[in-house]
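Visitor: Residue numbers for the sequence shown follow UniProt numbering, beginning at 1 and rising by one.
These aren't lab readings, by the way, just hints derived from the structure by calculation. Please note: incorrect hints may appear among the correct ones.
What the hints assert, rightly or not - Quick list of simulated restraints, FRET-style, between CB atoms:
| hint | residue 1 | residue 2 | range |
| --- | --- | --- | --- |
| 1 | Glu157 | Leu71 | 26 to 36 Å |
| 2 | Asp232 | Ser144 | 35 to 45 Å |
| 3 | Glu157 | Pro11 | 49 to 59 Å |
| 4 | Arg30 | Glu172 | 40 to 50 Å |
| 5 | His139 | Pro12 | 50 to 60 Å |
| 6 | Thr216 | Pro12 | 11 to 21 Å |
To be verified - Restricting the straight-line Cα-Cα distance to at most 30 Å, the calculated cross-link-like pairs of lysine-lysine (DSS-like) are:
| hint | residue 1 | residue 2 |
| --- | --- | --- |
| 7 | Lys127 | Lys39 |
| 8 | Lys126 | Lys219 |
| 9 | Lys39 | Lys151 |
| 10 | Lys33 | Lys73 |
| 11 | Lys271 | Lys39 |
| 12 | Lys219 | Lys44 |
| 13 | Lys44 | Lys145 |
| 14 | Lys129 | Lys219 |
| 15 | Lys73 | Lys126 |
| 16 | Lys129 | Lys151 |
| 17 | Lys219 | Lys146 |
| 18 | Lys127 | Lys151 |
| 19 | Lys129 | Lys146 |
| 20 | Lys127 | Lys146 |
| 21 | Lys145 | Lys126 |
| 22 | Lys151 | Lys126 |
| 23 | Lys146 | Lys126 |
| 24 | Lys145 | Lys127 |
| 25 | Lys73 | Lys39 |
| 26 | Lys126 | Lys271 |
The beta-carbon is built from N, C-alpha and C at its ideal position, and this holds for glycine as well.
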Amino acid sequence: MIETIQNNVLPPVYEQDPVLEIDDFCVEYRAEKTVQAVKHVNLKLGRGEVLGLAGESGCGKSTLAYGVNRLLKPPAVVTSGRVVFNSREGYPIDVRALEGEDLRMFRWEKISMVFQGAMNSLNPVKKIKDQLGDVFTTHRPDMSKKERLDKCGELLERVGVDRNRLNAYPHELSGGMRQRVMIAMAMALDPQVMIMDEPTTALDVVVQREILREITRLKDEFGFAVIFITHDLPLLLEISDRIAVMRKGEVVEMNNAMELYTHPQNEYTAKLLDSFPSLTGDRGSFIRTGSEDLAMGTSPFATKE
């Protein structure tokens with residue numbers, strides 16, 4: 001007997017099958033003056049989802065990403081919050097509790113990262129094969145040299161680069177190809193989450209779109225989830241399932257990409273959308289919240305008496 005489901009509306013993937021859960025996450029920079037860089041952020045990332053993280057420079061996007069992946073260094077301090085990674089093997093991992101070898105193995109195997117300015121992160125005096133191979137030397141020490149080389153060639157082909165480029169040096173590759181190499185490196189250990197911090201910065205528009213298509217293809221093929229960080233909101237609208245907008249360390253709005261574009265609920269989101277030039281209309285008014293906030297004393301970076 002077949003039962004009829006009265007309500008066949010399934011919960012969204014980030015509720016039904018979250019791979020990463022971030023609760024009440026706070027980060028401070030403790031120097032001469034304490035700065036609250038990330039304030040009580042709550043996010044869920046669904047398995048296979050692309051979550052865009054938008055906001056102007058200095059709003060806390062990268063600090064949040066580094067904090068989630070346990071990459072922050074002093075004077076940055078995580079003051080509160082919970083980060084839980086739900087492994088595909090079926091068990092939760094308390095990321096903030098990881099130490100030593102467990103933390104080292106967690107990075108790149110569970111969550112990997114394409115860093116901001118990644119095109120300049122490659123060692124200029126080492127061949128591509130050696131830089132990709134370093135990941136396996138560190139995390140897969142039992143692999144033979146031939147196995148490492150074969151795997152490196154496979155990774156390059158995954159991202160649309162000929163394996164003959166393994167013997168090239170970074171300066172022999174275009175900007176787009178270097179970015180693809182960095183994405184290949186982040187994919188090396190088959191992570192379930194990839195954090196991409198401004199992965200298309202300094203690339204021309206055509207190459208940006210090629211990289212976006214490549215990321216989407218790889219995500220669909222291998223099933224990893226993506227946190228895509230950029231100040232370029234129109235770019236996020238192309239690739240993201242949902243978008244979270246940050247301002248002064250807080251998430252001020254979060255919605256699916258189309259709904260956020262057509263019906264922004266927060267005034268700052270609307271201004272952010274209006275700040276980008278239209279192909280057919282007038283250029284919007286670019287946001288300059290920094291100077292206003294400093295004058296009003298509302299910026300987290302304002303000097304306190």
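Visitor: A separate judgement is required for each hint: does it hold in the structure or not?
Guide: The hints, checked one at a time:
no.	hint	result
1	Glu157 / Leu71: 26 to 36 Å	holds (29 Å)
2	Asp232 / Ser144: 35 to 45 Å	holds (42 Å)
3	Glu157 / Pro11: 49 to 59 Å	violated (37 Å)
4	Arg30 / Glu172: 40 to 50 Å	holds (43 Å)
5	His139 / Pro12: 50 to 60 Å	violated (33 Å)
6	Thr216 / Pro12: 11 to 21 Å	holds (19 Å)
7	Lys127 / Lys39	violated (41 Å)
8	Lys126 / Lys219	holds (29 Å)
9	Lys39 / Lys151	violated (41 Å)
10	Lys33 / Lys73	holds (17 Å)
11	Lys271 / Lys39	holds (22 Å)
12	Lys219 / Lys44	holds (18 Å)
13	Lys44 / Lys145	violated (39 Å)
14	Lys129 / Lys219	holds (23 Å)
15	Lys73 / Lys126	holds (27 Å)
16	Lys129 / Lys151	holds (10 Å)
17	Lys219 / Lys146	holds (27 Å)
18	Lys127 / Lys151	holds (15 Å)
19	Lys129 / Lys146	holds (11 Å)
20	Lys127 / Lys146	holds (16 Å)
21	Lys145 / Lys126	holds (17 Å)
22	Lys151 / Lys126	holds (18 Å)
23	Lys146 / Lys126	holds (18 Å)
24	Lys145 / Lys127	holds (15 Å)
25	Lys73 / Lys39	holds (18 Å)
26	Lys126 / Lys271	violated (45 Å)
Of the numbered hints listed earlier, those contradicted by the structure are 3, 5, 7, 9, 13 and 26.
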